[in-house]
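Chains as they are written, first to last, in our numbering: chain W, 1 to 597; chain H, 1001 to 1161; chain X, 2001 to 2591.
Hints were generated in silico from the structure; no laboratory data involved. Some hints here could point you the wrong way.
Under 10 Å between C-beta atoms, here's a sample of chain X residues computed to sit facing chain W [unchecked claim]:
hint	residue
1	Cys2052
2	Arg2053
3	Arg2091
4	Met2094
5	Asp2100
6	Ala2175
Taking lysine-lysine and the DSS-like style, the derived pairs with C-alpha atoms no more than 30 Å apart in a straight line are [stated by the list, open to error]:
hint	chain 1	residue 1	chain 2	residue 2
7	W	Lys248	H	Lys1078
8	W	Lys597	H	Lys1104
9	H	Lys1142	W	Lys386
10	W	Lys71	H	Lys1015
11	W	Lys390	W	Lys590
12	X	Lys2003	W	Lys311
13	W	Lys252	H	Lys1015
14	H	Lys1142	W	Lys76
15	H	Lys1015	W	Lys248
16	X	Lys2005	W	Lys183
17	W	Lys311	X	Lys2005
Where is the CB? At the ideal position from N, CA and C, for every residue including glycine.
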Amino acid sequence: MAKYKTHLLVCGGTGCRASLSDTIVDKLKQEIDANHLTDEVQVVMTGCFGFCEKGPIVKIMPDNTFYTQVKPEDAKLIIQEHIIKGRKVERLLYKDPVREEFVSDSKDMQFYQKQVRIALRNCGFIDPENLDEAIARDAYMALGKILTEMTPERAIKEIKDSGLRGRGGGGFPTGLKWEITRKSEADQKYIVCNADEGDPGAFMDRSILEGDPHTVLEAMAIAGYCIGASKGLIYVRAEYPLAIHRLKIAIKQAREFGLLGNNIFGTDFSFDVEMRYGAGAFVCGEETALIHSMEGERGEPTLKPPFPSVKGYLGKPTSVNNVETFANIPPIILKGAQWFASIGTEKSKGTKVFALAGKINNVGLIEVPMGTTLREVIYEIGGGIKNGKKFKAVQTGGPSGGCLTEKHLDVPIDYDNLVGAGSMMGSGGMIVLDEDDCMVSMAKFFLDFTVEESCGKCAPCRIGNKRLNELLERITKGEGTMDDLTRLRNMSHVIKDTSLCGLGQSSPNPVLSTLDNFWNEYLDHVQEHKCTAGVCKDLMTYFIVEDNCVGCTACARACPVGAITGERKQVHFINPSVCIKCGACMDRCKFDAVIIK
Amino acid sequence: MSRIKVKLKEKDVLKLKEICKEFNNEPGELINVLHRSQEHFGYLPAEIQEVVAQELNISLAKVYGVVTFYSFFTMVPKGKHPISICTGTACYVRGAENVLHEFKKQLKIEVGQTTGDGKFSLSCLRCVGACGLAPVVMIGEKTYGRVSPDGVADILKEYAE
Amino acid sequence: MEKIKVKIDNHTLEVEKGTSILNAAKAAGIYIPTLCHMEMKDIGIDHKPGGCRICSVEVSGRRNLAPACATETADGMEVNTHSMRVINARRTIMEFILSDHPKDCLICPKSGDCDLQNMAIKLGIRQIPGQEFAAMSTYKTDESPSIIRDLDKCIMCRRCETMCNDLQTVGALSAFNRGFMSAVGPAFQMDIEDSPCTFCGQCVAVCPTGALTEHDHTRDVINALANPKKTVIVQTAPAVRAALGEEFGMPAGTLVTGQMVTALRELGFHYIFDTDFAADLTIMEEGTEFLDRLTKFLNGDKEVKMPILTSCCPAWVNFFEHNFPEMKDIPSTARSPQQMFGSIAKTYFADKINVKREDLVVVSIMPCLAKKYEAQRDEFKVNGNPDVDIVLSTRELARLIKQANLNLANLPESDFDHPLGESTGAAVIFGVTGGVIEAATRTAYEIYTGKSLPRISFDQLRGFEGIRAASVDLNGFELKIGIAHGLGNARKLLEDIKAGRSEFHAIEIMSCPGGCIGGGGQPLHHNNTDILKARIQAIYSEDDKKVIRKSHENPYIIKLYEEFLGKPLSHKSHELLHTNYFDRSSKIEIS
Ligand SMILES: Cc1cc2nc3c(=O)[nH]c(=O)nc-3n(C[C@H](O)[C@H](O)[C@H](O)COP(=O)(O)O)c2cc1C
Ligand code: SF4
Ligand code: SF4
Ligand code: SF4
Ligand code: SF4
Ligand code: SF4
Ligand code: SF4
Ligand code: SF4
Ligand code: FES
Ligand code: FES
Ligand code: FES
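Starting from the given sequences, assemble the full structure and let the hints guide the process.
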């Protein structure tokens, strides 16, 4: 790639592709052809840049120009202006919302300034379908290093010393897991990459697989060497077609180059990787369920012990590791445990990738050192709350996590602090909520999810979560009682205390954490029959404010059920017993006369 | 034991056998086989499950147990344009419920159903990894971002013949 | 074995490493309630899915509660089996389970012997908070001739699945759906009758609730007995007498033959007969068929198939018709004793007492649910009239006796009626695994060698292992015999035959663990295999007590051949006592 002077990196992440980034690539190539620049300028489709909110992204190297919300028709302009005339297209640059200035170099963007990219180091920099580009950025160097310079024990020690903990949610020390698996004796062992990522609102594993598949393959081979396995399996969600596509290409390339297969780097170490597909069951992210699913069974968890590291896939010792965990391995091997351990907090080392979403300005994928505070993440990287609304809470850990509030904003994020604050790291979903979000509904939303995803094997989760959900439903309808609130708490504790697997053991967390942090909101629903956020339909009445109504009749025409009466130019009136609370009148009224009470 | 009358054509049975063969008729490959079969036939009706069970030498009850466990597998044919609404957290907090409601209203079907003309089917999924565009809707392979209830009619219009 | 120290409540004890908390507690005399767990080591079952969580206990140092059934003890472990945290959890879980369970106890067939009901009583559940708005998971009810499935009562303990798939290898059942709507049943939630189910009833035998029960036919018997136009006769299978007493509080292994006969007489049956008579008849037919085949085989006849397999267990017949249709000409063609009895009753006996076939009602009392199905097979009907009209399980008979206010324990003993009530010790051991082949050997030996047996019991054929092999010296010829109980074990022997690996000349197969004494219609053993063993002992003791212990010496059998059948394998025998089998495997038919 050395001969090109300029590289146009176009985001090929799911978000940007959904906004036609592949057409942008085609258009850019056409323009380059038309201007006879094919020898100088190269277009590369990369993985996600992380800044999905403002996608599609086109980044120009070497000058780090960061164009956002590019449309296919902008291709001509970019080539004409930027490439040929050397002038940046200001309109497409990112505009800092605080300073109100265009930022031309991505290094100056606040979004990236606080980030430290280890797991995501290659995402957005390389063409994930091109092995040469990965190799140019050191892919498979770590594998070469351990195969030629390190014993498995030495390599495991390196990982242990780095302090790396599993990024799949549990936070179990990775080196220790490998050591246990190494010590379990068997004729065959397996390395499994958990790429099931079922947390609704998390997409970091997907982005790594799509943006840098070779790092995962390399790390799996390293893990295989460490535990003594010659076979690796990637269990990936069938809902991730792009990730699957790129993984398949990567596996093929690695095999062709002898980076997978027999006698890798001429050593006597052999390792190969196969793909397995999930089929839409969140619980299959749980490692024992995942193993059963790979064996062709219903994805039901089984009791631990025995742990997979002792008795896993086909009854053989198996180390199950998360995608992001793997992505951290090669840099640790190359740069050393000390380097990695110097980042982060005392008990949580390195960085963590978060999928930042919800009511926040910069939705996207970020990677920050452990110990960064929520405030930094939300206000500096995330650019604050959307539409100037008030921050209410941030939900971390997905359906197994909890809500953190204003008072937790300055807590340094790491495994233990999040648990201490009543939530958890989980896989790294981070959903920001504002004043328009009802916390009872939010708890119910997560319970809906767990009820749908419960495997049904154990009674507390199968039935208990359903009952919790029914109670929440009643509360959102204004039918809850104070007794129900007491029961919610007791049921939640029992479900946590007695469920078989992590799903049930954590499913009541959103309920408990909202009860703890937003007790008043529950009281409002139960005692006042009010949903202050205006989300619970059954608790709302649409009402026309006399003083504001000018009698334009727009609302009456919009109402699907004819609930609004009133003469032209006269104040209108909503009949609450007819109204179905669809909100159409409110949307339509230009005079803010329709309000919710 | 009554027999399931297999309503498949011979070439379909051969295709299924070929798929199973590809995976060495290993019982452990059941899920891969089902994936491939659904890819080919669009859905997994009883007779397909019967052939798979026989080929892999596993009980039919087990095949059915697996098919009904995973939400990705379906025993009813999907519409020509399957619509999936993302109801992941990011999409939910940005109003996916209302979008879903609008689709239901316009298509006059519930989640899990297919329109009478077989054109659209409606389902929900959780996070397609495009949270930046929330709320997200997928129709077939195509992703629509920042969908609002008002925009639903326009999206559907794209599929009018 | 390594020993470890544990503290459970206030008991400190030493247990073997690997012992579960549940078993350690049991050793200390502490009862921990369980629902889903099922341990029957003797037949290779250790079912602990950890699903019900009723057995939750507190283990110090552990974040959450532990399921005692599936958690191993560790050295120094301290367990509290009834802290308030535990009691609260147990009750809350029980409330959850009951909130999704019909409150049908008053009319539920399991009532009184239901593990779930007992648990509710034990835990003192008095209300189910939120029941008013609790959604219930409901499914269609499925009635087959043998089994009724009411999955609304299923608690997902998965015991049936383990029995059907692991023990029996039938694979009729699987958990389906996920979460709240999951339950266990056949593919596509089809009726069990359309599935590969053999009606062995082992799932019913272990279901802790009323989700799986026998199809109750007691009402039909009452109607028949109340009908003055009908002559109602009854036959009782050997295994019934060794278990019926349990339903009346007697210890397992109590023989109640005489009391049972009196009870049946009190109930108003016109003739009380014994299936044992037909068992003797079976030996005559099956034994002769065997000797016939064996002789041909030894003479080098290539056409003849070896080994011969017994055919008196209808679930086993269903099993090979479904799974090994290509081998359907290997088993003996002899009908089961129940059906032999029925056809002799409706011909020979009906003529004798001068009653029209249609007016004679033949009732069977069986340890078995498959027999309910068997009696309805078309091959066993004449002009639509079945040879056996109604089949009751041991449990149903107990119900009938209780309805008549009879206390079995207080009844005097009495004898079966003649002629179809006379039997030998060889017949009674049909009720246990190995019994049929032992009975056949007693007769075959004497006929083949022309000598009388030096010792009547063949101890080498007895036992509880799933597959057993023995050989008997027949005048220098070594007869090799195989025995399997449980269909999973039967499958292994069949695979051997199929692969040409089998050395046996004769094989006995019984579908239920322990043979018919462990049948699906017997009093519930609540996973205690000691009960099965006690029943086996009872059966052997009845054999020992019998004066005549060889089928060919039964005087009424001799008379039956003289008066009616001629000789074994005669034309008449073939017509009335033999059958043929069908290919009932599922096939892919191309349209
Ligand atoms: C309900 C449930 C869902 C899970 N989903 C995932 C997942 O999607 N991806 C993942 O890597 N780990 C998931 N886990 C955690 C895994 O069980 C396991 O701990 C992890 O894959 C180990 O890898 P790590 O040590 O690298 O984190 C889940 C756990 C539970 C209980
Ligand atoms: S906790 Fe839920 S998901 Fe986990 S085993 Fe129990 S029912 Fe299944
Ligand atoms: S909310 Fe909807 S139904 Fe109610 S008055 Fe407004 S438009 Fe009519
Ligand atoms: S199954 Fe048991 S608890 Fe349920 S209705 Fe029947 S007797 Fe009652
Ligand atoms: S126990 Fe209660 S419900 Fe049952 S019959 Fe007696 S009074 Fe009625
Ligand atoms: S009766 Fe026997 S074969 Fe039928 S479902 Fe039950 S265990 Fe399986
Ligand atoms: S049917 Fe009975 S044995 Fe089977 S899972 Fe349900 S409750 Fe358990
Ligand atoms: S072993 Fe006996 S009880 Fe069991 S199915 Fe066979 S005949 Fe019936
Ligand atoms: S998908 Fe393009 S920046 Fe994330
Ligand atoms: S939650 Fe909808 S795309 Fe992620
Ligand atoms: S008896 Fe232990 S979990 Fe059911």
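Quick rundown of the hints versus the structure:
| no. | hint | result |
| --- | --- | --- |
| 1 | Cys2052 | 5 Å, holds |
| 2 | Arg2053 | 4 Å, holds |
| 3 | Arg2091 | 9 Å, holds |
| 4 | Met2094 | 9 Å, holds |
| 5 | Asp2100 | 5 Å, holds |
| 6 | Ala2175 | 6 Å, holds |
| 7 | W:Lys248 - H:Lys1078 | 27 Å, holds |
| 8 | W:Lys597 - H:Lys1104 | 27 Å, holds |
| 9 | H:Lys1142 - W:Lys386 | 27 Å, holds |
| 10 | W:Lys71 - H:Lys1015 | 43 Å, violated |
| 11 | W:Lys390 - W:Lys590 | 24 Å, holds |
| 12 | X:Lys2003 - W:Lys311 | 24 Å, holds |
| 13 | W:Lys252 - H:Lys1015 | 26 Å, holds |
| 14 | H:Lys1142 - W:Lys76 | 25 Å, holds |
| 15 | H:Lys1015 - W:Lys248 | 23 Å, holds |
| 16 | X:Lys2005 - W:Lys183 | 26 Å, holds |
| 17 | W:Lys311 - X:Lys2005 | 26 Å, holds |
In summary, the structure is inconsistent with hint 10 from the numbered list given earlier, while agreeing with all the others.
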